[in-house]
Amino acid sequence: MGLFDKFKRGLAKSRDALFGRLTGLFHGRKLDEALYEELEEVLLAADVGFETAMWLVERVRRLAREQKATDGSELPGLLQQAMEEALEDNDPSMKVAETGPSLYLFVGVNGVGKTTSIGKLAHHFKAEGKKVLVAAGDTFRAAAIEQLMEWGNRSGVDVIRHTQGADPAAVIYDAIAAARARSADVILCDTAGRLHNKANLMAELAKIHKVVERELPGAPHEVLLVVDGTTGQNALLQAKSFLEVANVTGMIVTKLDGTAKGGVLLPIVREFHIPVKWVGLGEQMDDLEPFSPKAFAEAICQAPESAS
Amino acid sequence: MLEGLSNNLQKALSKLKSKGKLTESDVQEAMREVRLALLAADVNVRIVKQFVDKVRERAIGQDVQKSLTPGQQVVKIVHEELTELMGGSEERLRMAAKPPTVVMLVGLQGAGKTTAAAKLALSFVKHQHRPLMVAADIYRPAAIHQLEVLGGQINVPVFQMGTDVDPVTIATSGIEEARKQGADVVIIDTAGRLHVDAPLMEELARIHQAVPADELLLVIDAMTGQDAVHVAESFSQALPVTGVILTKLDGDTRGGAALTVRAVTGRPIKFVGLGEKIEALEVFHPDRLASRILGMGDVLSLIERA
Ligand SMILES: Nc1nc2c(ncn2[C@@H]2O[C@H](COP(=O)(O)OP(=O)(O)OP(=O)(O)O)[C@@H](O)[C@H]2O)c(=O)[nH]1
Ligand SMILES: Nc1nc2c(ncn2[C@@H]2O[C@H](COP(=O)(O)OP(=O)(O)OP(=O)(O)O)[C@@H](O)[C@H]2O)c(=O)[nH]1
Ligand SMILES: [Mg+2]
Ligand SMILES: [Mg+2]
Chain A
4 MGLFDKFKRG
14 LAKSRDALFG
24 RLTGLFHGRK
34 LDEALYEELE
44 EVLLAADVGF
54 ETAMWLVERV
64 RRLAREQKAT
74 DGSELPGLLQ
84 QAMEEALEDN
94 DPSMKVAETG
104 PSLYLFVGVN
114 GVGKTTSIGK
124 LAHHFKAEGK
134 KVLVAAGDTF
144 RAAAIEQLME
154 WGNRSGVDVI
164 RHTQGADPAA
174 VIYDAIAAAR
184 ARSADVILCD
194 TAGRLHNKAN
204 LMAELAKIHK
214 VVERELPGAP
224 HEVLLVVDGT
234 TGQNALLQAK
244 SFLEVANVTG
254 MIVTKLDGTA
264 KGGVLLPIVR
274 EFHIPVKWVG
284 LGEQMDDLEP
294 FSPKAFAEAI
304 CQAPESAS
Chain B
2 MLEGLSNNLQ
12 KALSKLKSKG
22 KLTESDVQEA
32 MREVRLALLA
42 ADVNVRIVKQ
52 FVDKVRERAI
62 GQDVQKSLTP
72 GQQVVKIVHE
82 ELTELMGGSE
92 ERLRMAAKPP
102 TVVMLVGLQG
112 AGKTTAAAKL
122 ALSFVKHQHR
132 PLMVAADIYR
142 PAAIHQLEVL
152 GGQINVPVFQ
162 MGTDVDPVTI
172 ATSGIEEARK
182 QGADVVIIDT
192 AGRLHVDAPL
202 MEELARIHQA
212 VPADELLLVI
222 DAMTGQDAVH
232 VAESFSQALP
242 VTGVILTKLD
252 GDTRGGAALT
262 VRAVTGRPIK
272 FVGLGEKIEA
282 LEVFHPDRLA
292 SRILGMGDVL
302 SLIERA
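Note that the protein sequences, when read in sequence, are chains A and B. Heads up: the first sequence begins at 4 in my numbering, then just goes up one per residue. Heads up: the second sequence begins at 2 in my numbering, then just goes up one per residue.
It should be emphasised that the hints constitute simulated quantities derived from the structure, not laboratory data.
Here are the simulated DSS-like pairs of lysine-lysine, each with C-alpha atoms no more than 27 Å apart in a straight line:
no.: 1; chain 1: B; residue 1: K16; chain 2: B; residue 2: K50
no.: 2; chain 1: B; residue 1: K278; chain 2: A; residue 2: K210
no.: 3; chain 1: B; residue 1: K278; chain 2: A; residue 2: K243
no.: 4; chain 1: A; residue 1: K297; chain 2: A; residue 2: K98
All values reported here derive from a predicted model rather than from experimental measurement.
If we strip away everything but chain B, and leave its shape as in the complex, we get:
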């Protein structure tokens, strides 16, 4: 994943690495290429601008560190800023003091919410929890059936009330059902919707009001382009989003969404989806991804020691 960005950034920075002395035009030239690499990777235009300005400023004004060449220092700055952009360190899910913990998944159509619901459920099972999935998507054809098939594959019960009941009622009844069954985690799958669809956004707010979620996770397709910024902004303004799940990172995505979403929402990316299989979910590590993007194991370990 992220090969394109990785290759282009490495190309942009490799010329600097070996240089003993950096002129301002060396830095300008490298920053121009970093800009193009980030744009080609679908990082939001606005964020690219801020990022490049910040790196440039730090690179030109840098203090001389004896252990690193100036070129290596620029790589170090880019690495730090990339990590920062993606949120620093990894973050786990917040569990309710008094069960059940409620996890609600929201996002655009086809982002991967229903699949992520099952993936999360499986990971809860593996950690000795007893999850219940709630089918609150009454719009998409066969959405309930899809959740039931996935639930069947991992032996996790699915609560549903058909498609003629208000999703708010389904969610509240789902919590009651969880208490009855002794389930300690409730995962609510909601219908995909556009962030500009006011009535449907309002519906999510009503669900959240009725059953306040401990984790309200925004599911975003990693292949999303420049629109990621609007999506992230709108969802996090309309709802108290607590984190992000980035899906389909198993593609050769340019990954711009990964760099954009955190900066826009201020919320951490908690998980990444790496395939259609129910096991294909991983905790997100910003620093590791930044290192992978820069792909400079040797330089980076040098930098860590500096």
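So here's chain A without its partners, still in its complex pose:
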């Protein structure tokens, strides 16, 4: 299976809903104003947001002029180019500590897929031959610790935990000590879901961030904001707030195996320069893929049969 086969398969449903329609709609028509207006609507329906939709349509218009494209059937290809350009600077690589363990902190609003993504990444890093530790930093939600332990069992990775109600910073402190003692390579830290407009919870996150910085120089090596791919424009507010308190360095966009297009990642990357590192495409251990702008744009823009 090629690197992005699953990604494309996962997005096939989105594609059917979006550009299955697109290709059908635009085939045999002239590239004119009416068509661009329809393109804007299609983009809005993909959660791209008004400004980025306008930006993309403008890019497509320019590309069409440059390439002297006149036929509607060329639109998906042009849009793909425009999207790839919008995501040009997206660097999906994960920063690694020069010495000692790399610590990755996972943050986000409730129910987006933080714990599940940690389970998947624990498996991923372990398969790369790394020694992985997971810190059960969500001490708030009912059965959050048990959920993470079940993921630990699946991938054969140790989970550092306290009991429900404990101080999350203390759990992560312990995980750092354990990682040193056991010479672990990677520490994945779960945190409780919190809405970005709850000041006290955001302050708690800032505190966790500070403890990590103090206890492990250079850490956190990545702060990953997990965003539910079905989220609309609210995701922009999430990115802004989490960026402020926890210095977010990357994104994981989950649940792209449904009909949601995850289009909101485009304005987030454009406005906040937070790169997408991974995408979630299901509930199983292997359902996580590194993000590729090309695969994303192609999977969204091209009809299934022409996707190579």
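Starting from the known structure of chain A, fit chain B with the ligands onto it as the hints suggest.
For chain B with the ligands alone, coordinates are given in the frame of chain A:
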């Protein structure tokens, strides 16, 4: 909640409010801004179009009412159409003539079903009912444990059969257990699933066939974007959904889902979730929310009197 939409709509309409006379271009301009405000709030593109067309048509063709300026009349029209879009008046849960009343919760992953199960259970307890929660999610890691912890917090029993039994069997056994215990309400928590996952959607239909629910509630995250329309359509086509619970409205959500879901399913939003705490559930009032969105207490009371 809904501040963004509220601010933008108010901005769009404030210019009209003070005008004594409205030209067609005044209305066009305002409708353009209303459109953008609704889109920024994640209201479905299709619905935005219908909404704006309807308001525009009514606004241009309006009869002159002496007590209101034309601008105020447009506000009144928007308010009426918003309320209508969200379903008119509030709706309560339907109780079975012969107990136990069965309530089943369905929805996408992470929408808030398990939390909503406990919230509903607590509200039933407060109304002198004896609920039993049934753990029919055999897929998500520690789902049963989560329901048991929540049940423990509110002293509501949880029925479970582990993760190796078919959810249909768990549901039917749960009803038997409720009869045995004398519980008069059964709340079934199901696993999150995608609306395009045919086998899992089929599983819900089988559960509903075995234990017909008096209330089959679709749980939807209020932060959902344009996809809300697909989710609402698919679930309500596959199952006889009776109502909606909209969760996480305590965020600064744009709330488009609230405006979209009712229009798509034709089913009322019955409750809203306003936090992670088990008490954080409220009955949904469409008219109040519409007023809050428009945030025009003075104008609205004027309109009510007109
Ligand atoms: N279909 C699909 N489901 C996913 C994906 N990622 C996570 N989920 C599901 O989404 C639900 C919530 O995932 P969690 O990992 O518990 O989310 P969380 O962010 O840790 O949630 P809280 O800790 O409660 O804030 C679970 O049912 C997961 O199985 C994905 O990529 N695709
Ligand atoms: N802020 C807020 N959080 C909520 C609300 N309702 C649920 N949550 C949180 O959202 C997350 C997911 O809730 P669950 O009840 O586990 O969702 P679910 O639909 O059962 O998830 P799955 O079983 O994985 O499909 C948890 O962190 C809850 O605490 C709400 O109204 N407001
Ligand atoms: Mg979690
Ligand atoms: Mg659940």
